[in-house]
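Colleague: Listed here are the chains, written in short residue letters.
2 protein chains.
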Amino acid sequence: MNTIPLPRADDAHTAERCDAARNRRLLLDAATLLVGERGVDAVTMEAVAARAGVGKGTVFRRFGSRGGLMQALLDHTEREFQEAFMTGPPPLGPGADPVDRLIAFGRARIALVEVQGELLRAAEASSSNRFDVPARAVTHTHIEALLRAADVGGDLPLVAHSLMASLEATLVLHQWRNLGYTLDRLADNWSDLVRRVATPPTTDGRTVL
Amino acid sequence: MNTIPLPRADDAHTAERCDAARNRRLLLDAATLLVGERGVDAVTMEAVAARAGVGKGTVFRRFGSRGGLMQALLDHTEREFQEAFMTGPPPLGPGADPVDRLIAFGRARIALVEVQGELLRAAEASSSNRFDVPARAVTHTHIEALLRAADVGGDLPLVAHSLMASLEATLVLHQWRNLGYTLDRLADNWSDLVRRVATPPTTDGRTVL
Numbered sequence: 001m002n003t004i005p006l007p008r009a010d011d012a013h014t015a016e017r018c019d020a021a022r023n024r025r026l027l028l029d030a031a032t033l034l035v036g037e038r039g040v041d042a043v044t045m046e047a048v049a050a051r052a053g054v055g056k057g058t059v060f061r062r063f064g065s066r067g068g069l070m071q072a073l074l075d076h077t078e079r080e081f082q083e084a085f086m087t088g089p090p091p092l093g094p095g096a097d098p099v100d101r102l103i104a105f106g107r108a109r110i111a112l113v114e115v116q117g118e119l120l121r122a123a124e125a126s127s128s129n130r131f132d133v134p135a136r137a138v139t140h141t142h143i144e145a146l147l148r149a150a151d152v153g154g155d156l157p158l159v160a161h162s163l164m165a166s167l168e169a170t171l172v173l174h175q176w177r178n179l180g181y182t183l184d185r186l187a188d189n190w191s192d193l194v195r196r197v198a199t200p201p202t203t204d205g206r207t208v209l
Numbered sequence: 001m002n003t004i005p006l007p008r009a010d011d012a013h014t015a016e017r018c019d020a021a022r023n024r025r026l027l028l029d030a031a032t033l034l035v036g037e038r039g040v041d042a043v044t045m046e047a048v049a050a051r052a053g054v055g056k057g058t059v060f061r062r063f064g065s066r067g068g069l070m071q072a073l074l075d076h077t078e079r080e081f082q083e084a085f086m087t088g089p090p091p092l093g094p095g096a097d098p099v100d101r102l103i104a105f106g107r108a109r110i111a112l113v114e115v116q117g118e119l120l121r122a123a124e125a126s127s128s129n130r131f132d133v134p135a136r137a138v139t140h141t142h143i144e145a146l147l148r149a150a151d152v153g154g155d156l157p158l159v160a161h162s163l164m165a166s167l168e169a170t171l172v173l174h175q176w177r178n179l180g181y182t183l184d185r186l187a188d189n190w191s192d193l194v195r196r197v198a199t200p201p202t203t204d205g206r207t208v209l
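The listed protein sequences derive, respectively, from chains A and B.
The first sequence begins at 1 in UniProt numbering and counts up by one.
The second sequence begins at 1 in UniProt numbering and counts up by one.
Isolated chain A, as found in the complex:
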């Protein structure tokens, strides 16, 4: 039997790719800080370059346009959030009670609005169908799985939609910025809502105390 050589990584090429990934990360971190500090409108190619201490050309080479940067920034945020709820520490990640994980999920999502809200809202507004984006499918699968793990009854795919609807960035931003609710109060309402949804109604619709 002949030995088939394993493909070897090209060391120079790998180093270059590592540099590229590190640069990309550096730029996205700078952009994330800018969103948090000055809002999404402040995130220009120039501002990101200045914040990251690189030339403007580097930002353009990496993302092509402001639209490309925004998309990358949102992907980056969503990916970090997905990592946190899929593989991070409990109660958001695996290991906690599913109802507690669901509560932690919403609380983390609401807290994220403080930094990423404008970005999330921009993404919702720019999509031709704001319900038809990959990140939403991942979230939906996660919430439905937690409801199932918690033995919640009902039409779980639709219960998951209903719960997700109250976490939409556009709604949370409106409640927080326009109506003056604190993010803590919104998070407490989420916790309460999840506990109610996780408790099936009694057959006569009345409370057993």
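In short, the hints are calculated from the structure, not lab data.
Honestly, I wouldn't trust all of these hints.
[As the list claims (entries may be wrong)] Some, not all, of what chain B presents toward chain A, calculated at C-beta under 10 Å:
(1) E114
(2) V115
(3) E118
(4) P157
(5) V159
(6) D192
(7) R196
(8) A198
Note that CB positions come from ideal geometry on N, CA and C, so glycine has one too.
Assemble chain B onto chain A, guided by the hints.
Modeller: Same frame as chain A, but now just chain B:
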């Protein structure tokens, strides 16, 4: 004491206003039928005129532009819906149990999407802040009042927001048209959701059966 003459209605003027109101109603009914039959894109000034059997000039004089017609059409739909839940027959209107009224409200709203969905979605998309429109404030007040009447606990203004979020026309249309859920199934999920929300969770978060 001198007799102060009561202001008298100008009969000719009143008749003219009645005609105007009747014409307006006729045109809006024609436009509503068109939306239901052929979707919101089919609602042009010409099509409405043809459907109502009047000249195109009449439609332009009444509404100014297609945008004006759309706004009037949405106001008309919302007004009819508001009348139904505020003063119409139970269970949507007064006289029924508040939880039953809340269930009827959502079911009627979901059914409305079949005819008015595209219009409602267009209105949601065109508003600079889709949460900041008068019709939404009326709905919110109504839902919060029903929750209060049903002795539901929790942060009622926010519970009302959460419930309303799952009735948004954009979401319901996505569930129905893109995901293939029937409107009946969406309505059943709403009923179930309301019953759960109206039942407070037990203190230890577990179900008492």
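Colleague: Could you run down the list of hints and mark each one as holding or not?
Modeller: Each hint tested on the structure:
1. Interface hint status for E114 of chain B: violated, as the beta-carbon distance to the closest one in chain A is roughly 17 Å, over 10 Å.
2. Checking V115 of chain B against chain A: minimum C-beta separation of about 21 Å lies over 10 Å; hint violated.
3. Nearest Cβ of chain A to the Cβ of E118 of chain B: about 13 Å, over the 10 Å cut. The hint is violated.
4. With a cut of 10 Å, the hint placing P157 of chain B at the interface with chain A holds, because the nearest CB-to-CB distance is about 8 Å.
5. The interface hint given for V159 of chain B holds, since its Cβ lies 7 Å from the closest Cβ of chain A, which is under the 10 Å cut-off.
6. With its C-beta approaching chain A no nearer than about 5 Å, D192 of chain B sits inside the 10 Å limit, and its interface hint holds.
7. Given hint, R196 of chain B at the interface with chain A, holds; its Cβ is 5 Å from that chain's nearest Cβ, closer than 10 Å.
8. Taking 10 Å as the C-beta contact cut-off toward chain A, the hint placing A198 of chain B at the interface holds, the least distance being around 7 Å.
In terms of the numbered hints stated before, the structure departs from hints 1, 2, 3, listed from lowest to highest.
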